[in-house]
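J.: All chains, full assembly: derive it from the sequences and hints.
Residue numbers (full-length UniProt numbering), protein chains in the order written: chain A, 1 to 144; chain B, 1 to 144; chain C, 1 to 144; chain D, 1 to 144.
Rather than coming from a laboratory, the hints here were simulated on the basis of the structure.
Only a predicted model underlies this, so the values are computations on that prediction, with no experimental measurement involved.
A hint or two may mislead.
Said to hold, decoys possible - Straight-line distance between alpha carbons at most 25 Å, and here's what the computed PhoX-like set of lysine-lysine pairs gives:
#1 A:Lys144 to A:Lys77
#2 C:Lys144 to C:Lys77
#3 D:Lys77 to A:Lys77
#4 C:Lys77 to B:Lys77
#5 B:Lys144 to B:Lys77
#6 D:Lys77 to D:Lys144
Below, each chain spelled out in residue letters.
4 protein chains.
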Amino acid sequence: MLSLSKATTIIDAALEKARAENFAPLAVAVLDAGGHLVAYKREDGAGIVRFDIAYGKAWGSLGMGFGSRELTERAEKNPTFIGVLSTVSGGRMVPSPGGVLIQDDSCTVVGAVGISGDIGGNDEICAVAGIEAAGFAAATGVPK
Amino acid sequence: MLSLSKATTIIDAALEKARAENFAPLAVAVLDAGGHLVAYKREDGAGIVRFDIAYGKAWGSLGMGFGSRELTERAEKNPTFIGVLSTVSGGRMVPSPGGVLIQDDSCTVVGAVGISGDIGGNDEICAVAGIEAAGFAAATGVPK
Amino acid sequence: MLSLSKATTIIDAALEKARAENFAPLAVAVLDAGGHLVAYKREDGAGIVRFDIAYGKAWGSLGMGFGSRELTERAEKNPTFIGVLSTVSGGRMVPSPGGVLIQDDSCTVVGAVGISGDIGGNDEICAVAGIEAAGFAAATGVPK
Amino acid sequence: MLSLSKATTIIDAALEKARAENFAPLAVAVLDAGGHLVAYKREDGAGIVRFDIAYGKAWGSLGMGFGSRELTERAEKNPTFIGVLSTVSGGRMVPSPGGVLIQDDSCTVVGAVGISGDIGGNDEICAVAGIEAAGFAAATGVPK
Chain A
1 MLSLSKATTI IDAALEKARA ENFAPLAVAV LDAGGHLVAY KREDGAGIVR
51 FDIAYGKAWG SLGMGFGSRE LTERAEKNPT FIGVLSTVSG GRMVPSPGGV
101 LIQDDSCTVV GAVGISGDIG GNDEICAVAG IEAAGFAAAT GVPK
Chain B
1 MLSLSKATTI IDAALEKARA ENFAPLAVAV LDAGGHLVAY KREDGAGIVR
51 FDIAYGKAWG SLGMGFGSRE LTERAEKNPT FIGVLSTVSG GRMVPSPGGV
101 LIQDDSCTVV GAVGISGDIG GNDEICAVAG IEAAGFAAAT GVPK
Chain C
1 MLSLSKATTI IDAALEKARA ENFAPLAVAV LDAGGHLVAY KREDGAGIVR
51 FDIAYGKAWG SLGMGFGSRE LTERAEKNPT FIGVLSTVSG GRMVPSPGGV
101 LIQDDSCTVV GAVGISGDIG GNDEICAVAG IEAAGFAAAT GVPK
Chain D
1 MLSLSKATTI IDAALEKARA ENFAPLAVAV LDAGGHLVAY KREDGAGIVR
51 FDIAYGKAWG SLGMGFGSRE LTERAEKNPT FIGVLSTVSG GRMVPSPGGV
101 LIQDDSCTVV GAVGISGDIG GNDEICAVAG IEAAGFAAAT GVPK
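T.: Have a look at this one:
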């Protein structure tokens, strides 16, 4: 289970990383294993669609069982299928890095982080930093 | 403008109040004046529809221009119309106390808080506590 | 056909009436006979759901073939059916006065006005004022 | 804040430009910073999907934080991702020029204009003309 306490640690550490790196303003969503929002913060200046993108990166990672970097790579090979998956999921699958699975000590997926605001690679750096600060393992692609 | 810093203060003070009163686990959403999510926390044990209810209480307050306690009273007088409003807004209007407008010193509405988890009256107590802790005025009904 | 020029006259005259009567801030939508938006103005201070309500009053009037005052009366007699109609139309039917059909000299319905912001009766007064200022006939219920 | 008065000036100046240039009939939408419609006009002869395109150009500009010309360029490089963004946003992101951010003297984004009817480049010319006539700065891409 992913507690609110852990989710808050993830978000705050992710945003601390973003400010240290001087990234663009971010939106950070933490979802439980059922795809439901546990906690969310949107930095001042982030656009109004950032929630939907952050949520979609996290939800899609849970939906497929791997981080959104893997989905990004599959999208390059098979764009049509990813377009269909996007529609199937009601827009909750975003093929861009920044959706990262959260695994506990027993390799169980307990949730996912989704971040949007900077380029996908930078969003992902912050997601990993947040997950690791909370004592979890981060899976940006297919989990071990 | 409603900063992330202020929104975080609102949520944390609302949850502090909830724990002091021993209320049921809460979901707390803070929206900006345009109805977009700025910050959110869901306490451990709150059910999976709590986000949508909390969000709808806040969004509906912004949509109509008064706190959801006023909408609750109107719903008792005219249930059909409130049912229609729910559909009009895509489910984003919830006629139960706990949606409270946030006003700054010049009486401008800068956002809204929506809380769900306990009975509406208790949700509202926490919303007001959070808003006031952040130095804003809370409007549970028609604002002054 | 309802020209942009006529639609603009309707909106501006409706808002002139609202200011003369000191009504609450209004949202005014003018739709053509196909239910498509021709022109719209939202006064400063009107809430964020007012577009959807104004549009729904006008669309529903065109949908049923009578002004929304008639829909309001039917809603009192048969609330369940109105709830279903609301869902059928995707929330585009609002049983409250303020949706008024626009008829030309030959009694053809060329469009509809929908207004939201004050109580339904006041919204309707402004809609009628706007329609008549543009040289059309206004039908608040079943047209002649 | 973007007042109705300023929004009306933007639309009327945009349409004046369109008539001076003899462009195709246009639909012009002005949104506030939260993505809500403030004013709209559709010239006679513009098709029935023009509202949705104009609205989507403006909404998507606010959603991403840059004018739709930038989104157009990104779409050429990564069409799959833009298709997904379209779904994520419920169709409210249109990668074609004509969505332009409105900035005030302090570089704050106070809203966006979206225009559809002619080719994107011509739509954009009218959006910029309207914004500047109202005393604001126009950002067709990433704002300064």
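J.: Each of the hints needs a verdict: does it hold here or not?
T.: For each hint, the structure was consulted:
no.	hint	in the structure
1	A:Lys144 to A:Lys77	23 Å, holds
2	C:Lys144 to C:Lys77	23 Å, holds
3	D:Lys77 to A:Lys77	15 Å, holds
4	C:Lys77 to B:Lys77	15 Å, holds
5	B:Lys144 to B:Lys77	23 Å, holds
6	D:Lys77 to D:Lys144	23 Å, holds
Comparing the model with each numbered hint stated earlier shows that all of them hold.
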